[in-house]
Amino acid sequence: MFTTASMLRRGYFVASATQPSATQAQTVTAAYQLLRLGFVSKWEELATLTDTELVVLLENARTVAGVNRTFKVMYPGFPQEVMDADDITLVCNAIMHYYEFGEWLPTTSRRYQREALKAIDWTQNFRELMLRHLDDSTLTQLWAKPVSMSAADVMHSIDLINALRGTQISELPMKNPLFGRFRQLVRANTINRTGFDPIALMETTTIRNSENFGAALHGLRRAGFDRDRIMASALGKARNLDDVLRAALVLYTKVPNSGFSFADLKYPGIAVATMPRKIRRQVLKALALFDDPTNLNLLVRRKPLWQKVMRSIRPYSISGHDQVRFQLDIIHDNITYRSFNSQVETALAKGDTQRALELMETSPGMLIRRAQHLMRLSHTDPAAMARLCAAIAEIGAQSRLSTLISAYNALRNRNAELVVIRILGVGPKLLRRIPDGVETETVTQVKTALESAIRNRLAATTPPREPVACGCPDPVELVRRDVSDTIRPLARGEHIPLDFAADDCSLRLFMHWFGFDVDLGVIFADDTLTQQLAYVDYTNLADNRLRHVVTHSGDIVYAPKPDGAAEFINIRLRSEAGRAGAATVFDTIPGVRYAIPVLISYSGLPFRLIDNYTGVMTRRGLMSGEVFEPRTVETAMRLVNDGTSAIPFVIDLKNEELIWLDTSLGVKRGRLHTGGTGAVDMVRAELESLSARMTVGELLSLWAAAHGADTTGETDTRCATEQVERLLAEC
Numbered sequence: 000m001f002t003t004a005s006m007l008r009r010g011y012f013v014a015s016a017t018q019p020s021a022t023q024a025q026t027v028t029a030a031y032q033l034l035r036l037g038f039v040s041k042w043e044e045l046a047t048l049t050d051t052e053l054v055v056l057l058e059n060a061r062t063v064a065g066v067n068r069t070f071k072v073m074y075p076g077f078p079q080e081v082m083d084a085d086d087i088t089l090v091c092n093a094i095m096h097y098y099e100f101g102e103w104l105p106t107t108s109r110r111y112q113r114e115a116l117k118a119i120d121w122t123q124n125f126r127e128l129m130l131r132h133l134d135d136s137t138l139t140q141l142w143a144k145p146v147s148m149s150a151a152d153v154m155h156s157i158d159l160i161n162a163l164r165g166t167q168i169s170e171l172p173m174k175n176p177l178f179g180r181f182r183q184l185v186r187a188n189t190i191n192r193t194g195f196d197p198i199a200l201m202e203t204t205t206i207r208n209s210e211n212f213g214a215a216l217h218g219l220r221r222a223g224f225d226r227d228r229i230m231a232s233a234l235g236k237a238r239n240l241d242d243v244l245r246a247a248l249v250l251y252t253k254v255p256n257s258g259f260s261f262a263d264l265k266y267p268g269i270a271v272a273t274m275p276r277k278i279r280r281q282v283l284k285a286l287a288l289f290d291d292p293t294n295l296n297l298l299v300r301r302k303p304l305w306q307k308v309m310r311s312i313r314p315y316s317i318s319g320h321d322q323v324r325f326q327l328d329i330i331h332d333n334i335t336y337r338s339f340n341s342q343v344e345t346a347l348a349k350g351d352t353q354r355a356l357e358l359m360e361t362s363p364g365m366l367i368r369r370a371q372h373l374m375r376l377s378h379t380d381p382a383a384m385a386r387l388c389a390a391i392a393e394i395g396a397q398s399r400l401s402t403l404i405s406a407y408n409a410l411r412n413r414n415a416e417l418v419v420i421r422i423l424g425v426g427p428k429l430l431r432r433i434p435d436g437v438e439t440e441t442v443t444q445v446k447t448a449l450e451s452a453i454r455n456r457l458a459a460t461t462p463p464r465e466p467v468a469c470g471c472p473d474p475v476e477l478v479r480r481d482v483s484d485t486i487r488p489l490a491r492g493e494h495i496p497l498d499f500a501a502d503d504c505s506l507r508l509f510m511h512w513f514g515f516d517v518d519l520g521v522i523f524a525d526d527t528l529t530q531q532l533a534y535v536d537y538t539n540l541a542d543n544r545l546r547h548v549v550t551h552s553g554d555i556v557y558a559p560k561p562d563g564a565a566e567f568i569n570i571r572l573r574s575e576a577g578r579a580g581a582a583t584v585f586d587t588i589p590g591v592r593y594a595i596p597v598l599i600s601y602s603g604l605p606f607r608l609i610d611n612y613t614g615v616m617t618r619r620g621l622m623s624g625e626v627f628e629p630r631t632v633e634t635a636m637r638l639v640n641d642g643t644s645a646i647p648f649v650i651d652l653k654n655e656e657l658i659w660l661d662t663s664l665g666v667k668r669g670r671l672h673t674g675g676t677g678a679v680d681m682v683r684a685e686l687e688s689l690s691a692r693m694t695v696g697e698l699l700s701l702w703a704a705a706h707g708a709d710t711t712g713e714t715d716t717r718c719a720t721e722q723v724e725r726l727l728a729e730c
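Using numbering that gives the first Met the number 0, the letters of the sequence shown correspond one by one to residues 0 to 730.
Wrong hints could be hidden among the right ones.
[Said to hold, decoys possible] With a straight-line Cα cutoff of 16 Å, these simulated EDC-like cross-link-like pairs (lysine to aspartate or glutamate) come out:
#1 Lys71 / Asp516
#2 Lys71 / Glu438
#3 Lys41 / Asp135
[Said to hold, decoys possible] What follows is a list of derived Cβ distance ranges for each label pair:
#4 Asp498 / Ile422: 48 to 54 Å
#5 Thr361 / Ile422: 27 to 33 Å
#6 Thr361 / Ser690: 32 to 38 Å
#7 Ala500 / Arg386: 56 to 62 Å
#8 Val437 / Thr361: 25 to 31 Å
#9 Pro275 / Phe100: 49 to 55 Å
#10 His494 / Asn455: 29 to 35 Å
#11 Leu604 / Asp321: 25 to 31 Å
#12 Asp610 / Asn654: 30 to 36 Å
#13 Val478 / Thr711: 52 to 58 Å
#14 Gly707 / Gly603: 54 to 60 Å
#15 Asp542 / Arg113: 24 to 30 Å
#16 Asp291 / Arg464: 47 to 53 Å
Worth flagging that the hints you see were computed from the coordinates, not collected in a lab. Note that this is a predicted model, so its numbers are computed, not measured. All C-beta atoms, glycine included, are put in the ideal place defined by N, C-alpha and C.
Make a model of the complete structure from these sequences and hints.
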């Protein structure tokens, strides 16, 4: 059983049941090599691995840490070489590089000496690896999570299926100094576990999130199982027509992961493959089974997608289609069907809140999602407001907990001047909110009603067995589908402590990629995130007053394989002890608080199509260690968004912490540079939104109040996160 990169990112490694064959010397050396890569592990646990498993573990650790990449920069003596160069040299080198379409790099006659890497505090943000024994529950727990899985989570589920089956690696070239200078092919024989059937396992697993249902089907398909058998199983497990549609899209489209989230689909590009007659007949039976008004509303809502699927099914050529004639007429617009949603929208358009509330009594989730709309219509009528608040507290308590929290978050953030919306095919966009005139007292009434609904919903959950620790400040995570593939799991809004106390301390941003032009820049902003104080990117590498404090490694426009290319930005935070006159970013940019990294795909290619690796290091000494040192990486990730820009995190220089954002500026057309992106406004809007979200501690406080349990102010992030996941799963 081999450890994969996705397992390492989640902090564990696995061992087979065979007798370990690695020697003690090999095991201890492997632990030391992992330490050099930024991973802390116990050599006693590593001793349970075979020598081949150790090799695979180390190679995948190198991949996760970025060591398998060649960090080729324009100036090898970075940052000192850039600081020593004059402006005319930097400008001429850039012109030559652009003129030769990135194939020319400058040479220097001077060799810059590098010092040994200075001591590192291993207790700061270390990545611990622990031995984990896999079983069926490892996979089912991932499928059953209440929050939609990201692309990295889906890859992890595929790795788990292969590991539990006993088939993981068919061919993997290896070269590792731990076992001498050699190259071998590690071949894992196909050893199917007796009785392990992941399709049957999926059938018995309660999958609460519909997108995770699609992800489970995709994982089974990627693991090599017959898609017709998977489809038959999925149709038997489907809870509604959305599940049926998602199964068809995941298993029979040319882009198999396109059905995870309907919001991410680009309708014109979907082509559904031909299905066997047996499967086509089963799909029509599912249409006949789900004929209630709720499912008919789903049918109307997904009509363009169903039309795509029906072109493959050809329903009128299958016997028994008369039983679903009504549904087919809806799909093909042969009749006018007035859905439940349209009735609600008509009532809202007329301002008839009483009729809208009567309709939504049977749809608690819609009531909660439209709470703000109803509030705007009712805020001048005390009787209407009283009816609305009573309905939210009583009927709303029947909706899902995640829906209640989402509405609560939106209500708390309604006074923000800027709001971030996400548009299909474009990505995040900033909107300036127009005040609607609703009084603060009215908003408080609705907020109180929502809190009451949340408590009522939590009252149906398992009560706490001991005092609840409510000190965790992280926002409750409701969405994961679009997060980046990080070196360790991170939630949006999570704060990572940094340490700038050491002499000659710097932050070093990095970006490595293969392909065409990608640019790394950084923006500096004030306390309030209302002013852009300065920026550094490819447009101001020369004639820049910040060059000796914020040093860019040089703009590279072409990164072919096998080496690719890299860009770095070194930000000096502390001067060297005993060295007078050495400026820092605080000296050069008065009032600076935030550093905002901005990545731009200058070529216009979305980041999900670019093999990239980016992050930040904390360094001591300008020329200490190599330009890239995995031991100093605070966090790193692979950007997977559909946009041409990215803001993975923001660094609070005052509080010495990194705030994980994982956002972007969407798709930017034309020649774009860091200083003209509007990133400061985007970050302010994102941070305001995150600060308004219900925290893990607040949710656990409401849970304790619902059961009359005691609370403490302690912070147990791991336990608290597990409790929140359980609450979201239960309700």
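Inset, instruction - Decide if the proposed pair is consistent with the structure: Lys41 and Asp135, CA atoms, cutoff 16 Å inclusive. - result: 25 Å, violated
Inset, instruction - Note whether the CB distance of Thr361 and Ser690 lies within 32 to 38 Å or breaks it. - result: 35 Å Cβ-Cβ, so the 32 to 38 Å window holds.
Legend entry - Range hint 54 to 60 Å (beta carbons of Gly707 and Gly603) holds or violated: Holds, since Gly707 and Gly603 (Cβ atoms, about 58 Å apart) stay within the stated range.
Legend entry - Cβ separation of Pro275 and Phe100, checked against the hinted range 49 to 55 Å: 50 Å, holds
Inset, instruction - Please test the hint of 47 to 53 Å on the beta carbon pair from Asp291 and Arg464. - result: Check failed, 39 Å falls outside 47 to 53 Å.
Inset, instruction - Can you let me know if the beta-carbon spacing of His494 and Asn455 is within 29 to 35 Å? - result: 32 Å, holds
Inset, instruction - Take the C-beta atom of Val478 and the C-beta atom of Thr711, compute their distance, and say whether it sits inside 52 to 58 Å. - result: Violated, since Val478 and Thr711 (Cβ atoms, about 29 Å apart) do not stay within the stated range.
Legend entry - Pairwise beta carbon distance, Asp498 to Ile422, judged against the given window 48 to 54 Å: 39 Å, violated
Legend entry - Distance restraint between Lys71 and Glu438, which requires alpha-carbon spacing of 16 Å or less: 58 Å, violated
Inset, instruction - Given the hint of 30 to 36 Å, check if Asp610 and Asn654 actually sit that far apart at their C-beta atoms. - result: 34 Å, holds
Legend entry - Thr361 versus Ile422 beta-carbon gap, inside 27 to 33 Å or not: 31 Å, holds
Legend entry - Proposed proximity, Asp516 with Lys71 (alpha carbon, max 16 Å): Roughly 14 Å separates the two Cα atoms, so the pair holds.
Comparing the model with each numbered hint stated earlier shows that hints 2, 3, 4, 11, 13, 16 do not hold.
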